[in-house]
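Novice: Read off the chains here:
2 protein chains.
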Amino acid sequence: MTNIPNQAKQVVQLLQGHRSIRKFTTDQIPSETIERIIHCAQMASTSSHVQAYSIIGVTDQDLKRKLAEYAGNQTYVETCAHFLVFCADLYRLNYVTKSKGVDVTETLETTEKFIVATVDAALAAQNAAVAAEAHGLGVVYIGGIRNNPDKVAQLLQLPEKVYPVFGMCLGYPAQDPEQKPRLPQSCVYFENGYPDIHTVAEDLKQYDQEVKQYYIQRTKGKRQDTWSDMMVKTLSTPSRTHMKSFLEKRGFPLK
Amino acid sequence: MTNIPNQAKQVVQLLQGHRSIRKFTTDQIPSETIERIIHCAQMASTSSHVQAYSIIGVTDQDLKRKLAEYAGNQTYVETCAHFLVFCADLYRLNYVTKSKGVDVTETLETTEKFIVATVDAALAAQNAAVAAEAHGLGVVYIGGIRNNPDKVAQLLQLPEKVYPVFGMCLGYPAQDPEQKPRLPQSCVYFENGYPDIHTVAEDLKQYDQEVKQYYIQRTKGKRQDTWSDMMVKTLSTPSRTHMKSFLEKRGFPLK
Numbered sequence: 001m002t003n004i005p006n007q008a009k010q011v012v013q014l015l016q017g018h019r020s021i022r023k024f025t026t027d028q029i030p031s032e033t034i035e036r037i038i039h040c041a042q043m044a045s046t047s048s049h050v051q052a053y054s055i056i057g058v059t060d061q062d063l064k065r066k067l068a069e070y071a072g073n074q075t076y077v078e079t080c081a082h083f084l085v086f087c088a089d090l091y092r093l094n095y096v097t098k099s100k101g102v103d104v105t106e107t108l109e110t111t112e113k114f115i116v117a118t119v120d121a122a123l124a125a126q127n128a129a130v131a132a133e134a135h136g137l138g139v140v141y142i143g144g145i146r147n148n149p150d151k152v153a154q155l156l157q158l159p160e161k162v163y164p165v166f167g168m169c170l171g172y173p174a175q176d177p178e179q180k181p182r183l184p185q186s187c188v189y190f191e192n193g194y195p196d197i198h199t200v201a202e203d204l205k206q207y208d209q210e211v212k213q214y215y216i217q218r219t220k221g222k223r224q225d226t227w228s229d230m231m232v233k234t235l236s237t238p239s240r241t242h243m244k245s246f247l248e249k250r251g252f253p254l255k
Numbered sequence: 001m002t003n004i005p006n007q008a009k010q011v012v013q014l015l016q017g018h019r020s021i022r023k024f025t026t027d028q029i030p031s032e033t034i035e036r037i038i039h040c041a042q043m044a045s046t047s048s049h050v051q052a053y054s055i056i057g058v059t060d061q062d063l064k065r066k067l068a069e070y071a072g073n074q075t076y077v078e079t080c081a082h083f084l085v086f087c088a089d090l091y092r093l094n095y096v097t098k099s100k101g102v103d104v105t106e107t108l109e110t111t112e113k114f115i116v117a118t119v120d121a122a123l124a125a126q127n128a129a130v131a132a133e134a135h136g137l138g139v140v141y142i143g144g145i146r147n148n149p150d151k152v153a154q155l156l157q158l159p160e161k162v163y164p165v166f167g168m169c170l171g172y173p174a175q176d177p178e179q180k181p182r183l184p185q186s187c188v189y190f191e192n193g194y195p196d197i198h199t200v201a202e203d204l205k206q207y208d209q210e211v212k213q214y215y216i217q218r219t220k221g222k223r224q225d226t227w228s229d230m231m232v233k234t235l236s237t238p239s240r241t242h243m244k245s246f247l248e249k250r251g252f253p254l255k
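In order, the protein sequence lines correspond to chains Z and U. Each residue of the first sequence is one higher than the one before, counting from 1 in full-length UniProt numbering. Each residue of the second sequence is one higher than the one before, counting from 1 in full-length UniProt numbering.
If you're looking for bench data, these hints aren't it; they were derived computationally from the structure. Treat each hint with caution, since some may be false.
Stated by the list, open to error - Some, not all, of what chain Z presents toward chain U, calculated at C-beta under 8 Å:
(1) Val-12
(2) Thr-26
(3) Ile-29
(4) Arg-36
(5) His-39
(6) Thr-111
(7) Ile-115
(8) Val-119
(9) Ala-131
(10) Phe-166
(11) Gln-185
(12) Ser-186
(13) Thr-199
(14) Tyr-214
(15) Met-231
C-beta: ideal position from N, C-alpha, C; glycine also.
Turn these sequences into a full structure, and let the hints guide you.
Specialist: This is the structure we're talking about:
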């Protein structure tokens, strides 16, 4: 990294060095570290200052065990030191406006506010992830909690107008995995307009080969998937088709 | 900050020091800095490696002027050095799976995949924001591009299954605003379950007073809004009620 300002170097290395960690030591995380991570999450941008998210920190071993099961038997949800559930939260806004005698239900039921709350939760989460990694912690996002969002919501006593967007395992790493190669920058970043995708078709093909080599190395040849192969496998069958009706039940009718 | 590991200190200060910047110098951003910021964005986590987002970097002055107008006459969209539009992108996945002869339309039309793509875009964006600030740049998120998402999509030639989630202004700061106080941690972070909201009612009231003092100081008494007042103003009238039909037209029927 040439010509990079010194102050930026450490941060860039941290961000570019991210790998998901799924094996953790049994070391606990000091509570002041958690507090600092959450403070970082809170300082992320939020649409019109609505702060439409909440974070549930799960340390209770029984709750973690159940969440691991609900997430599709992802054991690291149970074995990580601290599990965070990031929720899109319009309930608090409903409460403070009602306290002022104003009914804003119509607004809160729009697709727009669903986007706002989901994005607010995600921005806070990514700040938390970066802060955690700066403390030497490993993290992995757990979209799997959307496998059983009803059960997760019940277990964590989420009120209406709150939905669990994803979880995040935090813990001290007990593994040192390789980075999974990302798409070439030419395929995700475009100047002044979206290009004809055929202009990046060659780059996508090269990326397919890169991902294939990554899997061959990692699995000693057992797995030889290209990225396109992975995407076909992942997308061939619709997953979590319950999300629409789940959200409707939770007070997100996406109007 | 006591007991904080030295390596974490800089990152925590960066994240906790965030303020939105809306006034920029006329200095341009070196292209290698943009490239590095986008690389950081790309290394954020992504659901099942789908990488369901794209970023349009807008430097063309005419495009920026139009985007500023579409975003509700937010001049900083025009005056910032570099404007980024973060898009949820299922089009690329549609392309690579079709290239393999597989039709995954049913999957891509689910609410679940809408969440995945929106979250992917947001995680990438927050990494970009952090990387930019580490380089001494100022940033502000622009949800305003959802005021006229149709026009934005047309202007940037977004294909179907791609929608602009938000924009982000990047530039060297020409202002040094105060931080807007966030909700007390007790109101957004909960251990092992969502509490009865009445247990934090007092904290919410105190926060209302804190926000009021912030506005009194900042506007020399002209503005005296509490947070609850702000929320009533912001939420009384539904905004961007076109999002549902816009998304449907773009290939996100939220099934």
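Novice: If a hint holds in the structure, say so; if it doesn't, say that too.
Specialist: Right, here's what the structure says about each hint:
Because the beta carbon of Val-12 of chain Z sits about 6 Å from the nearest beta carbon in chain U, less than 8 Å, this interface hint is met. Violation of the interface hint for Thr-26 of chain Z is found here, the shortest Cβ-Cβ separation to chain U being roughly 19 Å, above the 8 Å cut-off. This hint is violated: Ile-29 of chain Z has a C-beta 12 Å from the nearest C-beta of chain U, more than the 8 Å allowed. With a least beta-carbon distance of about 6 Å to chain U, the hint placing Arg-36 of chain Z at the interface is held under the 8 Å criterion.
Restraint check, His-39 of chain Z versus chain U: the minimum CB separation of about 6 Å is within 8 Å; hint holds. The criterion of a C-beta within 8 Å of any C-beta in chain U is met by Thr-111 of chain Z, whose closest approach is roughly 4 Å, and the hint holds. For Ile-115 of chain Z, the suggested interface contact is upheld, since its CB lies about 6 Å from the closest CB of chain U, less than 8 Å. Because the beta carbon of Val-119 of chain Z sits about 5 Å from the nearest beta carbon in chain U, less than 8 Å, this interface hint is met.
For Ala-131 of chain Z, the shortest C-beta to C-beta distance to chain U is roughly 6 Å, which falls under 8 Å, so the interface hint holds. Here the hint on Phe-166 of chain Z is kept, as its CB sits about 7 Å from the closest CB of chain U, short of 8 Å. At a threshold of 8 Å, the smallest CB-CB gap from Gln-185 of chain Z to chain U is about 6 Å, leaving the interface hint in force. Of the supplied interface hints, the one on Ser-186 of chain Z is violated, with its beta-carbon coming no nearer than about 11 Å to a beta-carbon of chain U, more than 8 Å.
Annotation: Thr-199 of chain Z was flagged as interfacial toward chain U, and the flag is violated, the nearest CB pair being 12 Å apart, outside 8 Å. The interface hint given for Tyr-214 of chain Z is broken, as the beta carbon of that residue sits about 11 Å from the closest beta carbon of chain U, more than 8 Å. The restraint placing Met-231 of chain Z at the interface with chain U holds, with a minimum CB-CB distance near 6 Å, inside the 8 Å limit.
In summary, the numbered hints that this structure violates are 2, 3, 12, 13 and 14.
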